[in-house]
Amino acid sequence: MTEKQALVVRGGWEGHSPVRASDRYAGALKEDGYAVTVSDTLDSYLDAELLAGTDLIVQCWTMGTITGEQSAALSAAVRAGTGLAGWHGGIIDAFRSDTRYQLMTGGQFVHHPREFSTYRVRPRAERADHPVLAGIGPFTVTSEQYYLHLDPTVEVLADSVYEPDPDHPELAGTVVPVTWTRRWGAGRVFVTAIGHHLADLEIPEVDSMIRRGMRWATR
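Here the sequence shown is numbered in the numbering used here, starting from 28 and rising by one per residue.
I should point out that these hints are in silico values taken from the structure, not numbers from a laboratory.
Hints may be right or wrong, so weigh each one.
Stated by the list, open to error - Quick list of simulated restraints, FRET-style, between CB atoms: (1) Ala107 <-> Thr180: 18 to 24 angstroms; (2) Asp178 <-> Ala107: 39 to 45 angstroms; (3) Gly91 <-> Val202: 28 to 34 angstroms; (4) Pro193 <-> Glu76: 47 to 53 angstroms; (5) Glu76 <-> Thr180: 29 to 35 angstroms; (6) Leu177 <-> Arg51: 24 to 30 angstroms; (7) Gly80 <-> Thr201: 38 to 44 angstroms; (8) Gly54 <-> Phe143: 24 to 30 angstroms; (9) Ala107 <-> Pro165: 35 to 41 angstroms; (10) Pro158 <-> Arg106: 20 to 26 angstroms.
We put the beta carbon where it would ideally sit given N, CA and C, even for glycine.
Using the sequences plus the hints, can you model the full thing?
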């Protein structure tokens, strides 16, 4: 069996602990038999030979700026079959000005309450047989709750009800996505909005979704 190749690209805002968070899942991939390359530069997306041989990209890069050339190369690699996976701001609060990137990921962070929220994550019953969700029931998270703009073509696997927000009371009660997948050409994309704290990643259900999501997205 050919060894799967993973590329972990990390950087951006330090508040999301990009090194420690990505180290956690680089280690998980190695445990699953992947060969893992870790990069601290978005110029990795310009290495056509590297991306062509990569089965999975795990991105942990909050905010920051991606060039048009880097963005186009990443999109092309995923369209050609390279998987893309990530969590929280590392994938859906990256490169806020790049709508082409947002189209690929299928969703974009736009707001969260100033204070942390305690909210219930609800796996969707109609997706219970999806490999990312198997055996995972509802669970509670206390962290940032992302309010998102979402592409209507994604496959939402889990959602939550948006908690009361003093700054935007009109949003309370809205059903917001938490975890989803999408196809981008021949490639697969996995996203979960959870993961502000390292402790969020240690919640068993969150950790399982991310580990399974990475495997699902892999070429």
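What are the numbers of the hints that this structure violates, sorted from low to high? Those not satisfied come down to hint 2.
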